[in-house]
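Could you put the whole structure together from the sequences, leaning on the hints where they help?
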Amino acid sequence: MKPLPIVRFARVGCCCAALLLACATPARAQPAAPEGLVAETVHALEGRLTYYARRLAGRPTASGERFDPEKMTMAHETLPFGTLVRVTNLLNRRSVVVRVNDRGAWSADRIGDVSTAAARELGMLRRGVVRVQLELLKAIDGPASAR
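Position 14 (the sequence shown) corresponds to 15 in the numbering used here; numbering is contiguous.
Keep in mind the hints are simulated off the structure, nothing from the lab.
Cβ coordinates follow ideal geometry from the N, Cα and C atoms, glycine included.
If a hint is listed, it holds; no wrong ones were tucked in.
Estimated spans, in silico, between C-beta atoms of each pair:
id, residue 1, residue 2, range
1, A63, D110, 18 to 28 Å
2, G48, P81, 15 to 25 Å
3, R60, S108, 17 to 27 Å
In structure tokens:
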């Protein structure tokens, strides 16, 4: 027996509704710049990123401050210390804003290392190495509400 046109339409309608619901997941908000700053992206890089071992906690970084695995920091070969960088994991689109305070990564195929806290927020603790986008942020004078 041939299905009625209404039944066929209902099947198509249900499939379309399910597809729309699956695609309608809310976008993740980009992490805000540190309090009191408005930031805009001035340059973006892509590459592979890893994270520091917790056993390095307390050791001095190239900038002179002690490495704290629970702070949002990163190592980069050339970026100036204090540079704010938005790091986005390209596998899951999770992002964090970190501050450059060390030199590295010391592997030719990596663009940097992040702290354990940043790695946790990026969802990369199990993988260890992920493809990321680094966005260099430029601080703009004035409160965020002024823009």
